[in-house]
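> Below are the chains, spelled out letter by letter.
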Amino acid sequence: MDMTQAIILTIMTAATPLLLAAIGELVVERSGVLNLGVEGMMIMGAVAAFAIAQLTGSAGLGALGGLLAGILFSLLFGFLTLTLVANQVATGLALTILGLGLSGMIGEAFIGLPGLKLAAIEIPFLSDIPFFGRLLFAQDPIFYISIIAVIGVNWFLFRSRAGLRLRAIGDSHTSAHALGVNVVRTRYLAVMFGGACAGLAGAHLSIVYTPQWVENMTAGRGWIALALVVFASWRPGRALVGAYLFGAVSIGQLFAQSRGIGIPSQFLSALPYLATIAVLVIISLNRRMTLINTPASLGKPFVPER
Amino acid sequence: MKKTLLSLAAATALAGIAAPAQAAGMDKVKACFVYVGPVGDFGWSYQHDQGRKYAEEKLGDKLETAYLESVPEGADSERAIERFARSGCNIIFTTSFGYMDPTNKVAKDFPDVKFEHATGYKTEHPNVATYDSKFFQGRYVIGQIAAKMSETGSAGYIASFPIPEVVQGINSFMLGAQSIDPDFKLKVVWVNTWFDPGKEADAAKVLLDGGVDILTQHTDSTAPMQVAAERGAHAFGQASDMIAFGPETQLTAIIDDWGPYYYERIKAVLEGTWEQSRTWDGMAEGHVVMAPYTNMPDDVKAMAEETEAKITSGELHPFTGPIMKQDGTEWLADGEVAEDGELAGLNFYVKGIDDQLPQ
Amino acid sequence: MRIELKKRENISSLFSILSPFIALGLTLIAGVILFVSLGKDPVSALYSFFIEPLTEVWSLHELAIKAAPLILIAVGLSVCFRSNNWNIGAEGQFIIGAMAGSILPVVFHGWESPLMLPLMIISGMIGGALYAAIPAFLKARLNTNEILSSLMLVYIAQLLLDWTVRGPWRNPEGFNFPETRNFADNAVLPRIIETGKTHWGFGFALIAAIVLWFVMRRMLKGFEISVLGQSARAGRFAGFSDKKMVYFAFLLSGAMAGLAGISEVSGAIGQLRPVISPGYGFTAIIVAFLGRLNPLGIVAAGLILALTYLGGEAAQISIGITDKVTRLFQGLLLFFVLGCDTLIHYRIRLVFGAARKGSAA
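Protein chains in written order, with the UniProt record's numbering: chain F, 1 to 306; chain E, 1 to 359; chain H, 1 to 361.
Hint data in this document are derived by calculation from the structure and do not stem from the laboratory.
Please note that the accuracy of each hint is not assured.
[To be verified] Reference listing, derived: stretches of chain E covered by chain F, where coverage requires no fewer than 3 residues with Cβ under 8 Å from a Cβ of chain F:
| # | stretch |
| --- | --- |
| 1 | 39-47 |
| 2 | 185-192 |
| 3 | 205-218 |
[Said to hold, decoys possible] Only pairs whose alpha carbons sit at most 20 Å apart, straight line, appear in this in silico SDA-like list of lysine to any residue:
| # | chain 1 | residue 1 | chain 2 | residue 2 |
| --- | --- | --- | --- | --- |
| 4 | H | 6 | F | 85 |
| 5 | E | 325 | E | 347 |
| 6 | E | 148 | E | 306 |
| 7 | F | 117 | E | 231 |
| 8 | H | 7 | F | 182 |
| 9 | H | 221 | H | 239 |
| 10 | F | 300 | H | 345 |
| 11 | H | 7 | F | 175 |
| 12 | H | 7 | H | 292 |
| 13 | F | 117 | E | 229 |
| 14 | E | 301 | E | 150 |
| 15 | E | 108 | H | 58 |
| 16 | F | 117 | E | 150 |
| 17 | E | 325 | E | 162 |
| 18 | E | 53 | F | 109 |
| 19 | H | 6 | F | 302 |
| 20 | H | 6 | F | 127 |
| 21 | E | 301 | E | 326 |
| 22 | H | 6 | F | 79 |
| 23 | H | 6 | F | 182 |
Backbone N, C-alpha and C define an ideal beta-carbon position, used for all residues, glycine too.
Please take these sequences and the hints and turn them into a complete structure.
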């Protein structure tokens with residue numbers, strides 16, 4: 001493997017959990033729900049995946065466990081914000097506090113243990129393609145899932161009837177409701193999908209990226225995923241670009257340092273956020289684009305009139 | 001054990017060695033610890049907690065301990081320290097640099113309680129002591145090992161923040177390496193965190209991608225060790241023995257062993273002999289311990305053991321001249337040894353390091 | 001079985017009072033289950049959490065110190081949220097406020113003047129307000145989503161502070177450690193009473209809460225805020241400008257966060273460090289909702305949340321539970337309170353059997 005390939009691979013691994021969590025949140029926000037608890041769901045996924053992998057001896061089951069933990073945790077958010085119409089911003093923040101605490105408790109027994117690593121799957125023939133083969137077709141399963149998720153969600157949102165309904169709810173839950181769409185059920189499903197993605201993203205951290213459990217190991221990646229959704233202006237393809245750009249900036253900064261190029265790292269670290277604001281401004285400057293892309297009822301509570 | 005201690009205390013009292021103020025010994029002491037991270041970080045705070053447990057084991061029921069973990073630096077730490085001072089702690093260990101001012105502030109109001117601050121430099125009241133370890137001694141040893149073991153003649157260094165302690169470590173590592181291979185190359189990456197497994201893993205990968213085959217770190221997670229293991233490179237553990245994360249990878253680890261210090265200081269309180277001090281101990285006192293030398297040929301191992309012995313005996317000081325600064329000017333003349341005070345504020349590289357120290 | 005909500009015609013005053021108690025009851029039950037399952041005595045655990053911090057004078061002072069930034073930020077946010085402006089970047093405004101307020105004591109170290117503190121406080125408020133003006137401008141002029149832009153600005157503020165204290169503002173006598181000089185005595189916020197540690201930050205918090213409560217309750221501005229918050233269109237008919245309201249809400253909440261920032265740095269910490277807030281700006285959002293966006297309710301909510309922090313420490317020491325349990329318990333409390341507040345606005349019915357067809361009533 002040559003150096004360029006190696007660097008790109010490092011970037012891809014760094015980007016995968018961000019991408020996956022962002023895709024999940026993207027669907028949630030498209031349905032008009034803002035779940036700020038991504039960090040909490042991710043850390044729960046990370047601890048569950050590690051614990052289950054240790055207990056069963058199977059990293060695959062661990063990944064599944066992370067996914068399920070994410071879903072369970074997201075249901076807590078769903079129950080409060082969708083059934084009891086509690087404020088989404090506050091509930092999401094509370095979810096993160098709860099997740100950091102609970103994961104720390106569960107994980108206490110697993111500190112200092114080397115973890116199992118989810119094995120890479122080499123796809124026959126394709127992985128032999130020069131240069132790209134090693135990058136795209138000899139990766140861990142969660143990487144493949146992240147790419148499938150991008151394609152799948154893109155198809156779902158813009159090509160399927162169910163996706164159309166979901167976007168309609170995000171744009172105006174009252175009109176969608178009037179048209180007979182079950183707003184709350186659809187949103188529950190979206191929130192659960194978001195939880196599954198965040199949980200799996202957490203699992204990636206604890207059984208692929210750095211196979212170990214330590215407290216707070218998500219280290220703010222859930223928040224970056226939230227930023228990515230906006231950077232992507234709620235389009236899956238752009239989330240992919242954004243996640244890889246983000247990965248490239250953070251890895252590139254380390255790489256530049258190892259080559260002895262000194263730039264204050266704080267400025268480089270701030271770049272992705274500045275870029276996100278710039279993207280936000282650009283998409284909102286163009287009024288039509290805003291209307292097309294931004295879920296208009298984002299964060300607003302909905303109670304069906306009966 | 002208990003008996004020995006009792007008689008020891010009695011002996012001390014009889015001999016009248018005991019110290020100022022409330023000189024008389026105590027039957028039981030309460031020692032309290034403030035940690036900046038979770039005890040489960042398997043790094044800095046974990047090792048301090050191991051030290052606490054060691055002291056508990058040694059002193060048995062004469063010692064009661066309590067700790068608070070993940071205490072943010074700032075107003076929260078002052079409250080945590082004060083809480084301990086009020087809840088009957090006789091001695092309080094505050095284990096992060098950022099607790100320096102809060103420790104001194106609280107110490108002023110509680111003259112009867114002893115305060116021990118790790119890694120700081122302020123002792124504004126007679127009941128405040130500071131302590132730290134000379135980790136750079138271990139870094140010299142691993143620098144030598146790296147120079148012997150590397151096939152590419154280069155190593156990667158994952159650094160946290162450009163504070164003196166970290167700069168000492170980088171310089172000492174490089175001096176060790178240069179003592180074996182004068183052309184040794186060192187690549188430094190600053191990750192600006194003490195603890196972020198993902199970012200540390202990224203830095204490790206970037207360094208390995210860039211052609212080094214040995215990693216060392218001044219951050220707390222085991223992630224770099226795992227990355228090195230995956231890539232078939234070698235690495236050095238940090239703070240705790242990380243051999244479980246790289247059975248065929250770890251060459252050795254620099255272990256922070258706070259246990260002996262905690263034991264000594266708590267015992268001093270028990271016996272009434274505690275005095276203000278500024279401790280900066282290393283291998284000789286057992287504060288800096290090298291994990292078993294593994295995954296290396298016998299001659300390298302022998303060399304490492306010899307260097308370790310020399311540093312322990314005081315025969316060798318890593319910062320002994322002639323040493324040039326990075327810009328080529330002279331820092332230490334031939335045979336001159338750097339003073340502790342100067343090392344404590346170290347903010348420049350030695351010659352040969354190919355990196356700009358963030359300012 | 002499923003749960004159905006029906007909006008009440010009026011806010012239930014009964015449940016306005018009862019819901020916090022129901023939430024507390026549920027939290028206590030959950031707490032008992034949690035502590036018993038950890039093998040701890042639930043009574044002493046709950047005692048440490050909720051009572052012990054209130055039994056000593058010094059601890060009450062610490063409670064006020066911990067609550068001050070939460071209350072200050074949250075009362076500012078309550079106005080913002082009521083007017084339907086979602087500023088979730090108070091953490092960033094807190095930091096920038098603290099930095100702006102620290103220019104005098106750090107850069108002009110040694111300046112002896114009675115104007116020192118007043119100017120610090122004013123520049124802190126201006127700093128916070130200006131930083132909040134960025135998302136406000138983007139929203140009012142360019143229609144940019146303020147939730148996201150204000151959140152992004154938090155990260156930027158954190159990195160800016162980090163760079164500043166490691167670089168230009170680093171204490172020249174501090175052995176390269178990343179922190180500024182200690183503030184001189186004339187730059188330290190005084191205590192309210194000599195015998196205790198509570199500094200004027202808590203005083204500012206109470207004053208801000210009372211003033212804003214009065215404005216919201218008794219003045220036209222309060223009416224304007226609520227009307228525009230409920231419907232920008234209705235507000236425009238009434239002759240209120242929703243653009244001006246965006247600026248007003250953001251500048252006000254930013255100034256409050258900035259005031260909290262400089263008060264914390266000057267009153268509690270005494271210097272700038274790479275990290276000066278353990279997430280006050282975010283916790284304050286929860287406080288704002290716990291206090292139901294009512295300034296006086298927020299004072300109570302801020303004190304209660306501060307109590308759980310102090311109680312968590314007390315419990316760590318007295319019964320030896322970890323801080324993870326503390327955070328878990330805090331999360332549970334928040335969930336119960338947020339959930340129970342539903343009762344105020346809605347009737348809750350359990351519906352058994354198959355779902356009925358949703359016919360528009």
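> Take the hints in turn and mark each one as holding or not.
So, going through the hints one by one against the coordinates:
no., hint, in the structure
1, 39-47, "holds (count 4)"
2, 185-192, "holds (count 6)"
3, 205-218, "holds (count 7)"
4, H:6 with F:85, "holds, 11 Å"
5, E:325 with E:347, "holds, 11 Å"
6, E:148 with E:306, "holds, 14 Å"
7, F:117 with E:231, "holds, 14 Å"
8, H:7 with F:182, "holds, 18 Å"
9, H:221 with H:239, "holds, 12 Å"
10, F:300 with H:345, "holds, 15 Å"
11, H:7 with F:175, "holds, 19 Å"
12, H:7 with H:292, "holds, 17 Å"
13, F:117 with E:229, "holds, 12 Å"
14, E:301 with E:150, "holds, 14 Å"
15, E:108 with H:58, "holds, 15 Å"
16, F:117 with E:150, "violated, 27 Å"
17, E:325 with E:162, "holds, 16 Å"
18, E:53 with F:109, "holds, 17 Å"
19, H:6 with F:302, "holds, 11 Å"
20, H:6 with F:127, "violated, 57 Å"
21, E:301 with E:326, "violated, 30 Å"
22, H:6 with F:79, "holds, 16 Å"
23, H:6 with F:182, "holds, 17 Å"
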